[in-house]
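*Asks:* These protein sequence lines map, in sequence, to chains A and B.
Here the UniProt record's numbering is used: position 279 in the first sequence is 279, and no number is missing along the way.
Here the UniProt record's numbering is used: position 149 in the second sequence is 149, and no number is missing along the way.
Do not rely on the hints blindly, as some may be mistaken.
As the list makes no split between identical chains, a pair holds if one copy fits it or if it spans any two.
[What the hints assert, rightly or not] Distance condition first, Cα-Cα at most 16 angstroms in a straight line; then the derived EDC-like pairs of lysine to aspartate or glutamate:
#, residue 1, residue 2
1, 175, 313
2, 15, 328
3, 42, 316
4, 175, 27
5, 16, 125
6, 42, 162
7, 175, 196
8, 16, 170
9, 42, 83
10, 280, 69
11, 355, 97
12, 103, 185
13, 280, 87
14, 348, 413
15, 15, 361
16, 303, 162
17, 86, 308
18, 86, 133
19, 103, 361
20, 151, 216
21, 280, 75
22, 348, 270
23, 219, 196
24, 15, 270
25, 112, 361
26, 269, 349
Hints are computed from structural coordinates only; laboratory data are not their basis.
2 protein chains.
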Amino acid sequence: MSVEQLVADICRGAKKASRTLASISTDQKNAVLLDLAQALLKNQKEIQAANQGDVEKAREAGLTNAMIDRLTLSDKVIQSMVDGLKEVAALPDPVGEVTSMWKRPNGLLVGKQRIPLGVIGFIYESRPNVTVDAAALCLKSGNTVVLKGGKESLDSNLALTEIIGQVLMDHGLPKACVQAIPTTDRAATSALLAQDETLDVIIPRGGEGLIRFVAENAKMPVLKHYKGVCHVYVDETADHDMALAISVNAKCDRPAVCNAMETLLVNQKEADAFIPRAAKAFTGQGVELRGCPLTCALAPQAKPASEEDWSTEYNDLILSVKVVEDMDAALDHINHYGSQHTEAIVTKDYARSRKFIDQADSSVVLVNASTRFNDGGQLGLGAEIGISTSKLHAFGPMGLSELTTLKFVVFGEGQVRN
Amino acid sequence: MSVEQLVADICRGAKKASRTLASISTDQKNAVLLDLAQALLKNQKEIQAANQGDVEKAREAGLTNAMIDRLTLSDKVIQSMVDGLKEVAALPDPVGEVTSMWKRPNGLLVGKQRIPLGVIGFIYESRPNVTVDAAALCLKSGNTVVLKGGKESLDSNLALTEIIGQVLMDHGLPKACVQAIPTTDRAATSALLAQDETLDVIIPRGGEGLIRFVAENAKMPVLKHYKGVCHVYVDETADHDMALAISVNAKCDRPAVCNAMETLLVNQKEADAFIPRAAKAFTGQGVELRGCPLTCALAPQAKPASEEDWSTEYNDLILSVKVVEDMDAALDHINHYGSQHTEAIVTKDYARSRKFIDQADSSVVLVNASTRFNDGGQLGLGAEIGISTSKLHAFGPMGLSELTTLKFVVFGEGQVRN
């Protein structure tokens, strides 16, 4: 069978199974998730044996230690998958929720009811634990899923989906609810992106190259985020202690993630006092500073920033710093160089806090809080399947609700239209 | 300038203007809409002169009378545009609405706030009044719009957008908030579909060929519906009078529109009594019947339906009729042949009404009411810009809210992430 036929068959199976999965009870879904948690623990040795094979091939192929670390299903990572399954089981089931209902003058009762999207294609790079996380979120939201993981983790992913399939069948559900594409052939990704008859949406997670490839080639809708060039703006009148705590947290807590701050914007009235103090704190944390001319004058350890710095996601202990004339200049900078991901203002001013909230064109806008809170768990959505920085369907962290849509339901007593 | 450059320039202008439009007040938007209503009346002669040119060219080109009728901006059609503008002005402004807000254990207040999508590309066929309807909905929802109308109505569309631009400028707003592409060159449509840097979404409205072309070629998200193959299912125990009234209304009220019924499904227990009576009523309304073998036996005036009939949108006084064993068979038929548009059940049974609501996989599902209610105005959304039959972002009629998205807003007091 060709790769194209293989992928098409898998997707057709997922489509067929989606009818079944859309209508099972919450109790049944939770039972599957909790049994799967047990099955992972019971089959831990088998999973780790398959994973060991992937790790050895990765070593032979010369992957970096950091990449091998991400690939490894240690006891701790398996426990985190187990905990994740229990957390998703504990979350409310979005399917069937009627989010609003109203009565029309003719007596019709009109409501909007949540339904699954149907079939989700999920493309991700090397972490195999994402296989279980994604399967859990898709199952709980009533969607079947076709998984295309990184080639380095194929055997791990197949071992995990085999266990998931067994648990599904134990509960009388089709194995096709969760499937991994069993090949490292690169043509499988292109084949997957052509299945618009069966896949309702594609969610890519990984590097910018992968995401652009998916966005440009997918025939179906894509939920994606490219990068996080997040800003903290220290406003005129900001409390400097608060501004410093938020900035340092936003940059240094986990510099490699998408919600870390990349650029600090400082109102010119605060620059003289704030920049030397902040520079000292950042340097103490090992952060390399790249500044505008005013910043470099106030913080001699800063190197001059290039034009490119303002739109770079460093994912590292590097920070660009710019002094701005006022909040309008900060907003202009953000909306020009930013990535519509996360922006924070530190201010004591009521009117400017409201204006910043309204005019910063990003998926999450915060007043007096760290950019690091742009995360489904932190914002109270439960687990997340990704963050969207495009506006259609979902903008910001995507939890279970974002894997559903709303249909209209209408209750009548014989009404006809005149 | 090439068509590609022209289109790219127009879209860049729309993007720039979208920053301004996103943050103006509701009062200002309503003032523009109401002044535009006045301006249409004041410039009625000028509009009709431009339209007359389009109509003459259409006659020379041999367009049908029905098409010329759709193209003509009669006094009545202009009045309907004026009324439409007043209606949109009277609708609540979706922008800025906070749809929900919750408190996190660390004290963060997290909410979701409605914002415009940004720039909308709108591609439509020959009705020039849609120019004003679409512009009004986009303006009210804070979006700028790039309009690509049918080639037959170019001069009408340009006359209308010229007046809209004048009113915008009178209010200190950029003319680029509403622009029509001033060419009949077919390359303009392809050029528009490539502007994914500036357009946030494309909404096509017209025949299935146009919509497929847009869906297959657009680089940005598309909100679309292909066709409406809508069903009414007459359940076991249904009230026959109600079932007949709903069926006749669903088929005959306006057979050419997408929410008209195309297939009537009748439970076998009701068929003997219901089908002859319904057939007589439909024949009396001039409806041609195409039936399954059982239907043809019960209603001799029915011709045998072909396999193709079950998935055909007739847009005409033709109806396919099928006797089904039970509701599961009706649901299987709907989910196999339907278009995820609109389905209705007529029933007295509580459990089956709930199951039909849950399992009919369509954007609008009705109990004991006509399919003709799938319409933004009828369901209480106010005016609509179209109906979506794909599930991402919007499913069903799209009103002002569906031209917006939600961003997260977070109010803190200095919180950082640990």
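*Asks:* Determine for every hint whether it applies to the structure shown.
*Replies:* Hint by hint, here is what the structure shows:
Taking the closest pair of Cα atoms, residue 175 and residue 313 never come within 16 angstroms of each other, the shortest separation being 40 angstroms inside a single copy and 35 angstroms across copies. Taking identical chains as interchangeable, the C-alpha atoms of residue 15 and residue 328 are never at most 16 angstroms apart, the minima being 49 angstroms within one chain and 18 angstroms between chains. When the C-alpha separation of residue 42 and residue 316 is checked against a cutoff of 16 angstroms, the pair qualifies neither within a copy, at 38 angstroms, nor between copies, at 62 angstroms. When the C-alpha separation of residue 175 and residue 27 is checked against a cutoff of 16 angstroms, the pair qualifies neither within a copy, at 18 angstroms, nor between copies, at 56 angstroms.
Taking the shortest Cα distances, residue 16 and residue 125 never come within 16 angstroms of each other, neither inside one copy (27 angstroms) nor across copies (36 angstroms). Taking the shortest Cα distances, residue 42 and residue 162 sit within 16 angstroms of each other inside one copy (13 angstroms), while across copies they are farther apart (71 angstroms). Proximity of residue 175 to residue 196 under the C-alpha cut-off of 16 angstroms is found in neither arrangement, the shortest distances being 21 angstroms within a copy and 38 angstroms between copies. In this homomeric assembly, residue 16 and residue 170 never come within 16 angstroms of each other (Cα to Cα): the closest approach is 19 angstroms inside a single copy and 56 angstroms across copies.
Taking the closest pair of Cα atoms, residue 42 and residue 83 come within 16 angstroms of each other only inside a single copy of the chain (14 angstroms); across copies the shortest separation is 68 angstroms, beyond that limit. With identical chains, the CA atoms of residue 280 and residue 69 are never at most 16 angstroms apart, being 33 angstroms at best within one copy and 74 angstroms at best between copies. With identical chains, the CA atoms of residue 355 and residue 97 are at most 16 angstroms apart between copies only, with a shortest distance of 15 angstroms across copies and 34 angstroms within one. Within a single copy, residue 103 and residue 185 get their C-alpha atoms no closer than 54 angstroms, and across copies no closer than 47 angstroms, so neither meets the 16 angstroms cut-off.
In this assembly of identical chains, the alpha carbons of residue 280 and residue 87 never lie at most 16 angstroms apart, being 41 angstroms within a copy and 59 angstroms across copies at closest. In this homomeric assembly, residue 348 and residue 413 come within 16 angstroms of each other (Cα to Cα) only across copies, at 10 angstroms, whereas the closest approach inside a single copy is 56 angstroms. In this assembly of identical chains, residue 15 and residue 361 lie within 16 angstroms of each other by CA distance solely across copies; the values are 13 angstroms between and 36 angstroms within a copy. In this assembly of identical chains, residue 303 and residue 162 lie within 16 angstroms of each other by CA distance neither inside one copy nor across copies; the values are 52 angstroms within and 51 angstroms between.
For the identical chains of this complex, residue 86 and residue 308 are neighbours neither inside a copy (44 angstroms) nor across copies (48 angstroms), given an alpha-carbon limit of 16 angstroms. Within a single copy, residue 86 and residue 133 get their C-alpha atoms as close as 11 angstroms, which meets the 16 angstroms cut-off; across copies the closest is 50 angstroms, which misses it. With identical chains, the CA atoms of residue 103 and residue 361 are never at most 16 angstroms apart, being 35 angstroms at best within one copy and 23 angstroms at best between copies. In the homo-oligomer, the alpha carbons of residue 151 and residue 216 never lie at most 16 angstroms apart, since the shortest distance is 21 angstroms inside one protomer and 29 angstroms across protomers.
For the identical chains of this complex, residue 280 and residue 75 are neighbours neither inside a copy (40 angstroms) nor across copies (72 angstroms), given an alpha-carbon limit of 16 angstroms. In the homo-oligomer, the alpha carbons of residue 348 and residue 270 lie at most 16 angstroms apart inside one protomer (13 angstroms), although the nearest pairing across protomers, at 71 angstroms, exceeds that limit. Taking the closest pair of Cα atoms, residue 219 and residue 196 come within 16 angstroms of each other both inside a single copy (6 angstroms) and across two copies (15 angstroms). When the C-alpha separation of residue 15 and residue 270 is checked against a cutoff of 16 angstroms, the pair qualifies neither within a copy, at 58 angstroms, nor between copies, at 33 angstroms.
In this assembly of identical chains, residue 112 and residue 361 lie within 16 angstroms of each other by CA distance solely across copies; the values are 14 angstroms between and 28 angstroms within a copy. In this homomeric assembly, residue 269 and residue 349 come within 16 angstroms of each other (Cα to Cα) only inside a single copy, at 14 angstroms, whereas the closest approach across copies is 71 angstroms.
Violated hints for the displayed structure, listed by number in ascending order: 1, 2, 3, 4, 5, 7, 8, 10, 12, 13, 16, 17, 19, 20, 21, 24.
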